[in-house]
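Heads up: the sequence shown begins at 23 in the working numbering, then just goes up one per residue.
Think of the hints as simulated: they come from the structure by calculation, not from any bench.
Model, not experiment: these values are computed from the prediction.
In this text, a Cβ means the ideal position worked out from N, Cα and C, and glycines have one as well.
One or more hints might be untrue.
[Said to hold, decoys possible] Between beta-carbon pairs, the in silico distance windows are:
(1) P57 - A35: 39 to 47 Å
(2) L30 - I77: 46 to 54 Å
(3) D24 - K93: 47 to 55 Å
(4) L99 - T38: 45 to 53 Å
(5) L84 - T58: 16 to 24 Å
(6) D97 - T46: 27 to 35 Å
(7) I56 - A79: 33 to 41 Å
(8) E68 - T46: 19 to 27 Å
(9) S75 - L39: 33 to 41 Å
[What the hints assert, rightly or not] Here are the computed lysine to any residue pairs in the SDA-like style, where the Cα-Cα straight-line distance is at most 20 Å:
(10) K66 - K92
(11) K92 - I81
(12) K33 - V67
(13) K33 - R61
(14) K73 - G36
(15) K87 - N98
(16) K33 - G50
(17) K66 - E41
(18) K73 - L91
(19) K73 - N85
(20) K66 - Y48
(21) K66 - L30
(22) K66 - L39
(23) K66 - D76
(24) K33 - L70
(25) K82 - Q94
(26) K66 - Q94
(27) K73 - Y83
(28) K66 - R49
(29) K66 - A34
(30) K92 - D76
(31) K33 - K66
(32) K33 - E54
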Amino acid sequence: MDHVALLLRLKAAGFTLDEIHTYTNYRGQGPETIPTRLRLMREKVESLHEKQSDIEASIKYLNEKMEFLKKQQQDNLIK
């Protein structure tokens, strides 16, 4: 993978510029840093899963609230 593509993929995966800088520095140091790079990626995946859970909970809440409001709207039209 070329360097620019790597940077774009890391950014799209939610890495901050500091995290990208750290990762690319380790990458430049060679294969002995693979365990560290794997750790960085595992940590990012964990963080993304937490955000995903938060987003899913927010979506669920908003969908429930919209259904409540639609029902209220219909009830008011019927009266």
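Each hint, compared with the structure:
1. For P57 paired with A35, a C-beta distance near 19 Å fails the hint of 39 to 47 Å.
2. Checked against the hint of 46 to 54 Å, the pair L30 and I77 fails, with Cβ atoms roughly 22 Å apart.
3. Separation of D24 from K93 is about 54 Å and conforms to the stated range, judged on CB atoms against 47 to 55 Å.
4. Between L99 and T38 the CB atoms are about 49 Å apart, so this pair conforms to the stated range of 45 to 53 Å.
5. For L84 and T58, the hinted distance range of 16 to 24 Å is not satisfied, since their beta carbons lie about 39 Å from each other.
6. Roughly 58 Å separates the CB atoms of D97 and T46, a value that falls outside the hinted 27 to 35 Å.
7. In this structure the hint that I56 and A79 lie 33 to 41 Å apart at CB holds, the actual value being about 35 Å.
8. A hinted range of 19 to 27 Å holds for the C-beta pair E68 and T46, which are about 21 Å apart.
9. For the pair S75 and L39, the supplied restraint of 33 to 41 Å is violated, since their beta-carbon distance comes to about 25 Å.
10. Simply put, K66 and K92 have alpha-carbon atoms about 38 Å apart, too far for the 20 Å limit, and the pair is violated.
11. A distance of roughly 16 Å separates the Cα atoms of K92 and I81; the hinted pair therefore holds under the 20 Å criterion.
12. Of the supplied pair hints, the one linking K33 and V67 holds, its CA atoms being roughly 13 Å apart against a limit of 20 Å.
13. Proximity of K33 to R61 is assessed by CA-CA distance (about 17 Å); at most 20 Å being required, the pair is judged to hold.
14. Taking the CA atoms of K73 and G36, the gap is about 11 Å. The hint holds against a cut of 20 Å.
15. Simply put, K87 and N98 have alpha-carbon atoms about 16 Å apart, close enough for the 20 Å limit, and the pair holds.
16. Between K33 and G50 the alpha-carbon distance is near 18 Å, which keeps this suggested pair within the 20 Å criterion.
17. Proximity of K66 to E41 is assessed by CA-CA distance (about 10 Å); at most 20 Å being required, the pair is judged to hold.
18. Among the hinted pairs, K73 with L91 is inconsistent with the structure: their alpha-carbon atoms are about 27 Å apart, more than 20 Å.
19. For a cut-off of 20 Å, the pair hint linking K73 to N85 stands: about 18 Å separates their Cα positions.
20. As the CA atoms of K66 and Y48 are separated by approximately 16 Å, the hinted pair is consistent with the 20 Å bound.
21. Pair hint K66 plus L30 holds up; C-alpha atoms about 15 Å apart against a cutoff of 20 Å.
22. Of the supplied pair hints, the one linking K66 and L39 holds, its CA atoms being roughly 13 Å apart against a limit of 20 Å.
23. Using a Cα cut-off of 20 Å, the hinted pair K66 and D76 holds, with the two alpha carbons roughly 15 Å apart.
24. Pair hint K33 plus L70 holds up; C-alpha atoms about 13 Å apart against a cutoff of 20 Å.
25. Restraint check: the Cα-Cα separation between K82 and Q94 comes to about 19 Å, which is no more than 20 Å; the hinted pair holds.
26. With a CA separation close to 42 Å, the supplied pair K66 and Q94 exceeds the 20 Å bound.
27. Proximity of K73 to Y83 is assessed by CA-CA distance (about 15 Å); at most 20 Å being required, the pair is judged to hold.
28. Taking the CA atoms of K66 and R49, the gap is near 16 Å; set against the 20 Å cutoff, the hint holds.
29. Using a Cα cut-off of 20 Å, the hinted pair K66 and A34 holds, with the two alpha carbons roughly 12 Å apart.
30. At most 20 Å may separate the alpha-carbon atoms for a hinted pair to count; K92 and D76 exceed this at roughly 24 Å.
31. Distance hint between K33 and K66 is fulfilled; the C-alpha atoms sit about 11 Å from each other, no more than 20 Å.
32. Annotation: proposed proximity of K33 to E54 is violated, straight-line Cα distance about 24 Å (limit 20 Å).
The structure does not agree with the numbered hints 1, 2, 5, 6, 9, 10, 18, 26, 30, 32 stated previously, though it agrees with the rest.
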